Amino acid sequence: MKLRITILSLLAFLFTGVLSVIQPTMAQDWLAPEGTPGETYYVAYPVNIALDGKFTDWVNVHQVTVTSGPLVPVSATAHSTFTYAAVADENNLYFWIDVVDANIIAGQHDINYWNEDSVELYINATGDLGLTEFASGVAQVNIPAVNIGKPMNQTILYGKDWESVGAQAVVVKTNMGYAMEVSIPLRTSIWEITPAPDQAIGFQIQLNGASQQDRDLKLSWSKADVSDQSYLDPSVFGQIIFYPAAAPVVVESVSPTAAAEAQSSSTNGAGFTVRDSKIYAPDGSEFIAKGTNVNGFNWVWPRRTVDDVDLIVDCWAFNLVRVNSFLFMGQTQYPQYTTNNDLDAIVRTYTERGIVVVFEAHDRIGSYYQGDDLKTLVAWFTDLARRYRDNPYVWFDVMNEPGGRKSIDSEQWVNMHGQVIQAIRDDAQANNIIIVEGAYGGQDAGNNDASPVTDSAILNFGKNVMHYGGRTFENIVFSIHTYDLWNHGDAKMGDFFDRVAAQGFAMVVGEYGIQTDRDTQAAADSTFNTTIPRGIGRIVWQWDGSDGNDLTTNTTIGGGWEIDNCNSPTNLSEFGQKIWDDNHSP
18 MKLRITILSL
28 LAFLFTGVLS
38 VIQPTMAQDW
48 LAPEGTPGET
58 YYVAYPVNIA
68 LDGKFTDWVN
78 VHQVTVTSGP
88 LVPVSATAHS
98 TFTYAAVADE
108 NNLYFWIDVV
118 DANIIAGQHD
128 INYWNEDSVE
138 LYINATGDLG
148 LTEFASGVAQ
158 VNIPAVNIGK
168 PMNQTILYGK
178 DWESVGAQAV
188 VVKTNMGYAM
198 EVSIPLRTSI
208 WEITPAPDQA
218 IGFQIQLNGA
228 SQQDRDLKLS
238 WSKADVSDQS
248 YLDPSVFGQI
258 IFYPAAAPVV
268 VESVSPTAAA
278 EAQSSSTNGA
288 GFTVRDSKIY
298 APDGSEFIAK
308 GTNVNGFNWV
318 WPRRTVDDVD
328 LIVDCWAFNL
338 VRVNSFLFMG
348 QTQYPQYTTN
358 NDLDAIVRTY
368 TERGIVVVFE
378 AHDRIGSYYQ
388 GDDLKTLVAW
398 FTDLARRYRD
408 NPYVWFDVMN
418 EPGGRKSIDS
428 EQWVNMHGQV
438 IQAIRDDAQA
448 NNIIIVEGAY
458 GGQDAGNNDA
468 SPVTDSAILN
478 FGKNVMHYGG
488 RTFENIVFSI
498 HTYDLWNHGD
508 AKMGDFFDRV
518 AAQGFAMVVG
528 EYGIQTDRDT
538 QAAADSTFNT
548 TIPRGIGRIV
558 WQWDGSDGND
568 LTTNTTIGGG
578 WEIDNCNSPT
588 NLSEFGQKIW
598 DDNHSP
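One point on numbering: in this note's numbering, the residue at position 143 of the sequence shown is 160, and numbering is uninterrupted.
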């Protein structure tokens, strides 16, 4: 957003009275503890699962994402990842597996399904976890991607002693690859498994992938199998440990500082997730952002963001705040303030209320962070990610409004975002949501007319970011700011959103408003008209009110905090009324 400061912004200091802050504790009821990565997975029982390929039953079950293994290709187009979860009832083990796969190869190798896209499940129910060769009570079940769309009674399975297991599977196509639900009976001709607390059996899950013809990828959950020996040697399996679901594990939400002091375990993989162009909350429900931009680190308006939590959350019913921040001091033409530099306080105040906090970097609007600036950006987000990696309600928006309005510098756009994403995932070991904004100053539309958008960083280079450095990164959300380049009607905007979704990308509108240095009322109207029916999140510019995007009227500066009544407000601007109605609709 191009900032416009008025003299009234100086009055903001006069209206920063501290409001009472109610901070109830939130909790996440996991059905079982989180295991040790690559070694143990706790299976909750009894849990009812319908083998229908809809995946709606997997609430409060820990998910594990696997990105490494004995064979990892260098090419980004060949790389895949998978995420799995497991539970049991009185009769079956159940597995949910979601595979990210850009190019599915299936049905080209006869019964050699290991040589193409497929998932392999291994069970050792002999009671001897040190067993070094297959025997009765050990089985390998291969579920190939050739089953996509097949009825369950026509599913093809293969492996070692798979016929004795009686497994069933439903496999479906997704926007990012394919997914499946699998059941494996607890009682078969080769084993008798009766779940009991802390009972362990051998377990391994692997992914085969082919990007062109033959297998060129093998991922493995068990870190003991470094050379693809699971099909020969059960001793390299990990373990499933059964856990009674009647005694749920309650993980309390705490401040990042307290979490670090308590050395609490990471909730990576158990927070917000992105699947099939949608964002899902930790409870498994679809999350649609209804947010507002607020003052943050080194910002140009002084109003304290923590003081407005009751108004933002309880009155206006926003579920997300995007914290506008400058990394550098003295490099903008406007005065800067440090009144919102306690980021821990912002995170604690809002996330304890179940509100998402998005941090973004605002310094280089219309260009890119490069050289030493890019190193600073990477370091800033790495530090934030380390501090808040155990809090899934903290998200990271790499850069505000990248790129100029003349063309797309795809190399800069991909490289800048890729370096930050890689640092957050690898150096900080954080799986929080990361937001990537489109080019053309965040609007990502190369044409200032009503014709469909063709020159778009997200549409043309989004996959390069997702697969930066030969990797596949998940939990990425793309974003645009709908200002003057979107003043040309609903059709243009709706078409763009539909084509982004068709690529399997999740989307949020990071900023919208009615005025920049141009009138953007038409774009704001189209934002409401196109995002609401598509379930796309939207974040209004700006809560403070110190520019032309007033949420209230006949007030000092038009800020949302100047609302006169939280039950029946009478001083909302026309723009503010639309936001109020949107936030308070079902």
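No wet-lab data here; the hints were simulated from the structure.
As the structure is a computational prediction, the values presented were derived from the model and not from experiment.
Using N, Cα and C, we set each Cβ at its ideal position, and we do this for glycine too.
Heads up, some of the hints might be wrong.
[Stated by the list, open to error] Cβ pair distances, simulated, as ranges:
| hint | residue 1 | residue 2 | range |
| --- | --- | --- | --- |
| 1 | 67 | 519 | 40 to 48 Å |
| 2 | 173 | 107 | 55 to 63 Å |
| 3 | 573 | 54 | 48 to 56 Å |
| 4 | 573 | 439 | 23 to 31 Å |
| 5 | 108 | 428 | 49 to 57 Å |
| 6 | 591 | 166 | 14 to 22 Å |
| 7 | 353 | 71 | 22 to 30 Å |
[Claimed, not checked] DSS-like mimics (lysine-lysine), calculated; alpha carbons at most 27 Å apart, straight line:
| hint | residue 1 | residue 2 |
| --- | --- | --- |
| 8 | 190 | 177 |
| 9 | 392 | 235 |
| 10 | 295 | 240 |
| 11 | 240 | 167 |
| 12 | 71 | 423 |
| 13 | 177 | 167 |
| 14 | 235 | 177 |
| 15 | 423 | 295 |
| 16 | 423 | 392 |
| 17 | 295 | 392 |
| 18 | 595 | 295 |
| 19 | 240 | 392 |
Hint check:
no.: 1; hint: 67 to 519: 40 to 48 Å; in the structure: 28 Å, violated
no.: 2; hint: 173 to 107: 55 to 63 Å; in the structure: 27 Å, violated
no.: 3; hint: 573 to 54: 48 to 56 Å; in the structure: 53 Å, holds
no.: 4; hint: 573 to 439: 23 to 31 Å; in the structure: 45 Å, violated
no.: 5; hint: 108 to 428: 49 to 57 Å; in the structure: 55 Å, holds
no.: 6; hint: 591 to 166: 14 to 22 Å; in the structure: 49 Å, violated
no.: 7; hint: 353 to 71: 22 to 30 Å; in the structure: 50 Å, violated
no.: 8; hint: 190 to 177; in the structure: 26 Å, holds
no.: 9; hint: 392 to 235; in the structure: 34 Å, violated
no.: 10; hint: 295 to 240; in the structure: 31 Å, violated
no.: 11; hint: 240 to 167; in the structure: 32 Å, violated
no.: 12; hint: 71 to 423; in the structure: 44 Å, violated
no.: 13; hint: 177 to 167; in the structure: 22 Å, holds
no.: 14; hint: 235 to 177; in the structure: 18 Å, holds
no.: 15; hint: 423 to 295; in the structure: 31 Å, violated
no.: 16; hint: 423 to 392; in the structure: 26 Å, holds
no.: 17; hint: 295 to 392; in the structure: 31 Å, violated
no.: 18; hint: 595 to 295; in the structure: 24 Å, holds
no.: 19; hint: 240 to 392; in the structure: 32 Å, violated
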